[in-house]
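Visitor: Sequence order for the protein chains is A and B. Residue numbering for the first sequence follows our numbering, beginning at 1 and increasing consecutively. Residue numbering for the second sequence follows our numbering, beginning at 1 and increasing consecutively.
It is possible that part of the hints are untrue.
Dumping the calculated SDA-like pairs for lysine to any residue here, alpha-carbon to alpha-carbon at most 25 Å [to be verified]:
| no. | chain 1 | residue 1 | chain 2 | residue 2 |
| --- | --- | --- | --- | --- |
| 1 | B | 162 | A | 16 |
| 2 | A | 128 | B | 192 |
| 3 | A | 22 | B | 16 |
| 4 | A | 218 | A | 252 |
| 5 | A | 127 | B | 2 |
| 6 | B | 84 | A | 120 |
| 7 | A | 127 | B | 165 |
| 8 | B | 246 | A | 67 |
| 9 | B | 246 | B | 87 |
| 10 | A | 113 | B | 2 |
| 11 | B | 246 | A | 15 |
| 12 | A | 127 | B | 19 |
| 13 | A | 111 | B | 2 |
| 14 | A | 111 | B | 246 |
| 15 | A | 128 | B | 16 |
| 16 | A | 133 | B | 234 |
| 17 | A | 127 | B | 17 |
| 18 | A | 140 | B | 87 |
| 19 | A | 111 | B | 19 |
If you want the footprint, here are the derived chain B segments under chain A, 3+ residues with CB under 8 Å [claimed, not checked]:
| no. | stretch |
| --- | --- |
| 20 | 4 to 15 |
| 21 | 91 to 101 |
Hint data in this document are derived by calculation from the structure and do not stem from the laboratory. Even for Gly, the Cβ is constructed at its ideal location relative to N, Cα and C.
In case you want the letters, here they are:
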Amino acid sequence: MSAILQVRGLRKAYANGFEALKGVDLDIEEGEIIALLGPNGAGKTTLISTICGITTATSGNVTVGGHDIETDFRAARSMIGLVPQEINLEPFETVVNTVRFSRGLFGLPRKDKIVETVLRQLSLWDKKDNQVKELSGGMKRRVLIAKALAHEPRVLFLDEPTAGVDVELRKDMWDIVATLKQSGVTIILTTHYIEEAEAIADRVGVINKGELLLVEDKTALMARMGKKELAVQITAPIDTIPELLASYDLTLSENGKTLTYTYDTRAERTGITSLLSAMSEAGLQLSDVETRQSSLEEIFVGLVHDGKDAA
Amino acid sequence: MNWAAIRSIYLYEMSRFFRTLLQSFVSPVISTSLYFVVFGAAIGSRIDQVEGVSYGAFIVPGLVMLTVMTQAISNASFGIYFPKFIGTIYELLSAPINFLEIVIGYVGAAATKALFIGIIILITSFFFVDITIQHPLAMVAFLVLTCISFALLGFIIGIWAKNFEQLQLVPLLIVTPLVFLGGSFYSISMLPPFWQGVSMFNPVVYLVSGFRWAFFGLSDVPVLASLGAIALFTGICVGVIGLIFKTGWRIRE
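This is chain B alone, in the form it adopts within the complex (with noise of 0.2 Å):
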């Protein structure tokens, strides 16, 4: 392993995330607070509790999933589309690097940034409600490893994009979906039967439900189906990778 050049790359990536450390922060940190106005105060208002959980707390973890993941995916995906599209790629490739060192650099850099901001928002929600986290520690777990599996996914994304439009193409119409239909805002267990058989197919809901477990110790699904669920997607993510790696699929056709 040349731990030094992926030091390099993860530290050159992390150097343009600090370059725009304002914007970086100031946008999620502003989406956050309209999410709060919005469903916290303006229908959380309505809602009033979520078994036991006021509606404004219940929307926490739900709001930082929805960042962290939507977060890791562009991040990720724009780390390695960004080379290809300028054409920097080529530096990579003939550099004495193999594919997993070049994986981990950009996924390691995107999910830390998606971390980084994942903490900020959940720093303002503190701000809007009041929240208590019964298992800080499984939190953690679930948040990194959503991280990292997302802007696995990212970077899959990323290498197979040919043009701005294909990057956009995947976050906009699946996961964004996904992501709202994933329980972030609302219990699986509000849905009508038919719909809560549906959402079991959305891999995002055990992702929400195991983080916001975390929280409040209320799940939709069981704790280890949801590790299972992050587990398997890292582990389809990880596989295609390993794929595009062997082929050079998009990279050295």
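Looking at chain A on its own, in the form it has when it is part of the complex (with noise of 0.2 Å):
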């Protein structure tokens, strides 16, 4: 695969000083979903408007399907959708009219076949002829994204698409985004829901303060970074853990019947196998074992932790 976009030495600075990007490296291969993690002012969304052309880079350069965005702006921006995340829309005018001119802007000939299909792809068709102002806020959402997808573009930026949503309007969201890759889009999207990233990405990048921490594909990240927990069930419950095990990360639960051990996969020896022995020298009964894979949620609050204290 070849990267669709390519950020290179991305920088941001604002008149007063500061400096919302710190020199940003990315590359976004075609037909990926690529989720872009931080907390609120990382930096997520000036990363989106410099690449669509919104504000200007300091410096750095920017290509989108090989073309420069400031020297060959047309070509690049005519490959680009952008969803923005405020709900940006003229409240007077109809559907079906905005995302015409939506299309429009890109200086396409009108097509209404597809305008249809984009409005039928997010059910929205018998809304067409409704004024914004009268639709619910998920629907001005879709709306948001049936204008990006007028043009069919084959990179899509989803600014923080379920931002102060409801949670089946968030997995109406996910659905949608499943449906764009299918069809080959590439799809960027800033959350700062873990859980959205663990269940639309297939890499993950996590930014803050105007860095990109990492960008891994998401399964080898939780992999790597990922601490498990092993929970013992013993059959009688003890008060204290006991002597033989004091050397043990050890938590014990307040019935006094699970013991969770909390180890690190990537260390050469997890300690498993001793401490199963230790248990049964020191005459505990197992009745179940668990393992428990932590979630990227705490590896984010890890990595943004740590990259404060760094500083």
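With the hints as a guide, bring both chains together as one complex.
Guide: Quick look at the structure:
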């Protein structure tokens, strides 16, 4: 696969000296879904805005499908669709007109068939003649997506597509993203919901304070960074952790029946074998053993936290 | 040039105008009629004639200019300020179009609207007074150029404005006084010499004078000076817009 989007040393500094992006490098493969994860104010939106032409970069360069976004902006932008974070829509315009306008802005001939396909794909066809202001919040968000898809882009940016959206609508949005991926569109979405990245992304980038801390395959990231927990159920409750097990990082549950051991999957020796034999030596009868993978959320909090410590 | 995109912007802006067609036409027609009642009938009955032209007819060019200028400014400034205000400007900035194309689309639409309304007022005034247009081509040229140049100014104001108050500020504080003091309702020669001198610094004087010449063949300043003034004014506006384009001022900051 070749990189459809290449970001090199992208910096954005504002007049007041604030550095929103501190030299970002990023390669995005055609057809993948990448989630940029980061807290509010991390620079996610600035990164997207700079790539899409809404703000200008201080230095660095970006190419989309090999076209530089400054010197060859027409070709580059023609490939990009942008769904902004805020619901920026003209309230009195009808759904179909606003989508047609978006297509027109890209200099494309009016093709009602394409507009219809996009509106149907987003379940907006029966609302096409409604004014935007008559729609619910979730529908307005879908209108934004329809507008972004009206010129059949190959790369779609979704800036916080599910911010302030209820659970059901969020699942809807994930389905839409999955369908788009099937149609071959490369998707870059930003989110501060970890479960979102976990649910739909192929790769995850973590961004904080204008720096891209890492970009990695989602499962690899979780495997590499993940801590695992081993929960051991014992038949007879105990009050304290036996002396023999004192050297292990164990916590005892309140009812005295579960011992939890946290270990690092990256470590050469996880210590599970010796722990289990030490347990039987201590005379504990085991009734069940369970392991649990830490979520992206914990990885993320760990990363952002480490970043703060380093600063 | 992405002409298809320019066409899209132009038609989209015009559709807003046609959606509110009645308001767009009724209010200028009513206000023009009121001007005729007040200036033409009430005051005009005591003024009789200005340089051989009946006062009622004399104010027609000024009246058309007054409306065209304010309409061009308000349409163009609102046209570009509105997307900034509701956030839809992101679409313009992320589309494969350059700033010049955006300007042509918005300014073209605003100028067209102003032209429409100017023509409506002209037609309305035929019901009140007898007018003959001595130089119809020059009349159209002055009208169109004024629409375009003031729409350019309006576009600059719309980019500059950070809120609705600022959007009103320039038209209210600068343009309206300039228009009223620009000889719309009187001949500059009626002023004391000092104020005649001051008036020569008012660009609107040149526009109104040239436009009036196209009607009656009489003017406060030479026609070529009028043409020069409107060219200079347009040039300045284009220059400022070019600068905005280069720096991304208040758009891509």
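Visitor: Verify the proposed pairing of residue 84 of chain B with residue 120 of chain A, using a straight-line Cα cut of 25 Å.
Guide: violated (29 Å)
Visitor: Is the Cα-Cα distance between residue 218 of chain A and residue 252 of chain A 25 Å or less?
Guide: violated (32 Å)
Visitor: Decide if the proposed pair is consistent with the structure: residue 128 of chain A and residue 16 of chain B, CA atoms, cutoff 25 Å inclusive.
Guide: This hinted pair holds, its Cα atoms lying about 18 Å apart.
Visitor: Next pair to validate is residue 128 of chain A with residue 192 of chain B; report whether the Cα-Cα distance is within 25 Å.
Guide: Violated - the C-alpha atoms of residue 192 of chain B and residue 128 of chain A are around 63 Å apart, more than 25 Å.
Visitor: Checking one constraint from the list: CA of residue 127 of chain A to CA of residue 17 of chain B, max 25 Å. Satisfied?
Guide: holds (24 Å)
Visitor: Check the hint pairing residue 246 of chain B with residue 87 of chain B against an upper bound of 25 Å on the C-alpha distance.
Guide: holds (22 Å)
Visitor: With a cut-off of 25 Å on the C-alpha distance, tell me whether residue 22 of chain A and residue 16 of chain B pass.
Guide: Roughly 43 Å separates the two Cα atoms, so the pair is violated.
Visitor: Please verify whether residue 162 of chain B and residue 16 of chain A have alpha carbons no more than 25 Å apart.
Guide: holds (19 Å)
Visitor: When you check the alpha-carbon spacing of residue 246 of chain B and residue 15 of chain A, does it fall within 25 Å?
Guide: Holds - the C-alpha atoms of residue 15 of chain A and residue 246 of chain B are around 17 Å apart, at most 25 Å.
Visitor: Taken at face value, is the distance from the CA of residue 2 of chain B to the CA of residue 111 of chain A at most 25 Å?
Guide: holds (17 Å)
Visitor: Is residue 113 of chain A close enough to residue 2 of chain B, meaning Cα to Cα at most 25 Å?
Guide: The hint holds at about 22 Å.
Visitor: Is residue 127 of chain A close enough to residue 19 of chain B, meaning Cα to Cα at most 25 Å?
Guide: Distance of about 20 Å is within 25 Å: holds.
Hint violations for this structure: numbers 2, 3, 4, 5, 6, 7, 14 and 16, all remaining hints satisfied.
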